[in-house]
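Build out the structure end to end from the sequences listed, making use of the hints.
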Amino acid sequence: MIEMGVYHVSGLGTSPGALTMPLTCVYILRAAARLGHNGASNFFALSGERERKGSYEKNRGEPEAIIAFDSKEAIEGKLKLNYQSNWFRMTGGKQEAIGEPIKKYLCKLLDHLNKILEREGAGGLNHPGYFYLIGVDYQDFEDVLDKAGLVFHGLRRKEVWVNLIGGSNQINLALMLAGNYTMVPSRYYYVFQNELTLEPSWVKGLPQNARDIKKAADRILDEWRDILPINLGFGPILNELGRKFFVEKKKLLSKREVINILAKNGYTEKFLPKLITSGYIVPEGEDAFKAGPTLERIAGDFSKFPEYQNSITDFGKVRENLGDSIKEVEFKC
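Position 295, counted from 1, in the sequence shown is what my numbering calls 295; the numbers after and before it change by one each time, with no gaps.
Do not rely on the hints blindly, as some may be mistaken.
Unchecked claim - Listed next, the in silico BS3-like pairs over lysine-lysine satisfying Cα-Cα at most 27 angstroms (straight line):
(1) K158 - K332
(2) K264 - K249
(3) K290 - K255
(4) K244 - K290
(5) K72 - K274
(6) K104 - K80
(7) K244 - K255
(8) K327 - K94
(9) K215 - K249
(10) K270 - K251
(11) K115 - K104
(12) K78 - K332
(13) K327 - K78
(14) K264 - K274
Think of the hints as simulated: they come from the structure by calculation, not from any bench.
The model shown is predicted, which means the values in this text are computed figures rather than measured ones.
Given below as structure tokens:
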């Protein structure tokens with residue numbers, strides 16, 4: 001059973017708005033849903049493993065934790081940050097730890113929205129229970145992929161959304177590939193804006209009442225883009241092929257063995273040519289296959305993932321393995 005709340009995973013750089021802007025969208029939609037906005041309620045309709053009554057439905061889709069990948073320098077406050085909030089008069093341009101303006105802004109936003117909800121007799125929104133920053137070499141794809149795989153394995157029993165706005169190309173690609181391989185994230189999303197504001201610049205002003213919240217929700221639903229996962233369900237196939245060739249040290253797999261792997265994951269024999277043309281397997285005679293160059297490369301990139309599958313049972317294990325690379329930001333408003 002998935003516990004209440006969504007784990008938002010994101011890349012970051014020196015612009016905290018890449019994280020706060022989409023989270024602002026989520027919180028405004030949650031507020032609108034509390035106020036009876038059908039579109040906002042539908043946005044969260046698939047959130048969670050199954051419908052449940054009471055407090056779960058009331059809090060469906062709320063951020064339970066924020067997990068962001070960024071450079072060690074940005075996390076430690078050694079870089080100048082680029083941001084501005086027209087809603088709450090916040091300005092960057094100085095060296096500061098990137099977690100601080102994110103926490104400060106979200107506290108102000110939630111306090112403001114909750115005052116409106118209270119006036120309307122609706123329940124308030126909760127601030128995230130956890131906020132973690134994970135230090136990576138943002139130019140090193142392998143470093144990010146390894147840590148992203150570690151995180152996703154530790155979140156197997158959670159509901160995970162991945163924000164693809166912030167961070168370097170290496171970070172976003174690693175998040176997508178690790179997510180696809182593990183099949184943990186249920187949602188990949190993108191909300192675009194040109195400005196570096198902490199809030200969505202295309203929402204006209206900070207909502208002041210229930211009507212403003214519903215109007216902002218309409219605009220957010222127009223701008224929000226969910227991205228379909230690539231090769232959905234392909235990760236387990238590659239995982240099992242890799243295990244056969246590189247863990248069990250089999251030099252060849254029979255055609256029947258490969259077909260059985262496909263069938264177990266919902267694919268038919270018709271998918272076999274795709275594995276061949278993509279370089280995952282190479283025909284050896286008429287009824288056998290050896291590992292292909294693409295599978296060998298993936299085995300290197302994802303070499304630690306099978307180990308994580310067995311050893312990383314929860315997020316506590318993630319923190320233990322990351323050591324000094326992970327920092328928790330205390331979320332007290």
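(message) Between the alpha carbons of K327 and K78, is the straight-line distance 27 angstroms or under?
(response) holds (15 angstroms)
(request) Would you mind confirming whether the straight-line C-alpha gap from K264 to K274 stays at or under 27 angstroms? (result) holds (17 angstroms)
(message) Checking one constraint from the list: CA of K115 to CA of K104, max 27 angstroms. Satisfied?
(response) holds (17 angstroms)
(message) Given the hinted pair K327 and K94, is their Cα-Cα distance within 27 angstroms?
(response) Holds - the C-alpha atoms of K94 and K327 are around 21 angstroms apart, at most 27 angstroms.
(request) Mind checking the alpha carbons of K158 and K332 for me, to see if they're no more than 27 angstroms apart? (result) holds (23 angstroms)
(request) For the pair we were handed, K270 and K251, check the Cα-Cα distance against 27 angstroms. (result) holds (23 angstroms)
(request) For the pair supplied as a hint, K78 and K332, confirm whether the alpha-carbon distance does not exceed 27 angstroms. (result) Holds, at about 23 angstroms.
(message) For a C-alpha distance cap of 27 angstroms, please report whether K72 and K274 respect it.
(response) This hinted pair is violated, its Cα atoms lying about 40 angstroms apart.
(message) With the threshold set at 27 angstroms, check whether the alpha-carbon distance from K244 to K255 stays at or below it.
(response) Holds, at roughly 13 angstroms.
(message) Between the alpha carbons of K264 and K249, is the straight-line distance 27 angstroms or under?
(response) Judged against 27 angstroms, a Cα distance of about 21 angstroms means the pair holds.
(request) Could you grab the alpha-carbon distance between K104 and K80 and see if it respects the 27 angstroms cut-off? (result) Judged against 27 angstroms, a Cα distance of about 17 angstroms means the pair holds.
(request) Compare the distance between the alpha carbons of K290 and K255 with 27 angstroms, and conclude whether the hinted pair is satisfied. (result) Between K290 and K255 the Cα gap is close to 10 angstroms, so the pair holds against 27 angstroms.
Checked against the numbered hints listed earlier, the structure breaks hints 5, 9; every other hint is satisfied.
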